[in-house]
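Undergrad: Sequence:
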Amino acid sequence: MAHAPRNSFLVPGVTRYSRSAMYAKKALHKRQKKDVKASVKAEPADKVVEVKGAKNGSKRTIPASKAPRFYPAEDVPQPKVSRKSPKTAPLRSSITPGTVLILLAGRYRGKRVVFLKQLDSGLLLVTGPFKLNGVPIRRVNQAYVIATSTKVNVANVKV
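Anchor point for the sequence shown: position 95 equals 84 in the working numbering, and the numbering is continuous, going up by one each time.
If you are wondering where the hints come from, they were derived from the structure by calculation, not from laboratory data. These numbers were taken from a predicted model, which means no experiment stands behind them. Do not rely on the hints blindly, as some may be mistaken.
With a straight-line Cα cutoff of 30 Å, these simulated DSSO-like cross-link-like pairs (lysine-lysine) come out [unchecked claim]:
(1) LYS147 / LYS100
(2) LYS14 / LYS76
(3) LYS100 / LYS120
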């Protein structure tokens, strides 16, 4: 009766344990290592076979080893190709560099922060400043902020 393999496949080609983990589990570091043997002569890919019968040409070249009858199916699902290209969200008109925003979610909810710039991903780069109220430079989705009418001059801030 066959037992379940110790290192089962999660998906084809990906095992539960890594090679190094299996090396440790099998305690291969304790086992005696075998010497490397000389390479075996490569067998020819084709062989010539005599064929009986006067009209059959008397000789044929056939592959030395037969191809296997069973090929395992690769059932890895291919993701659908998306034709949508991600675009950055348009910045709300009330949010400009230097605007004081109120964070609505996350660790610093309720804190007032200063908007620095919009990143390529569409997220907003904001800061407390950290020395003032403890909010570090963070990326925030503009859906989770309220813009106030208060502005701060950030012209000479390098971001």
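Undergrad: Identify every previously stated hint that the structure contradicts and give their numbers, smallest first.
TA: Violated hint: only 2; rest satisfied.
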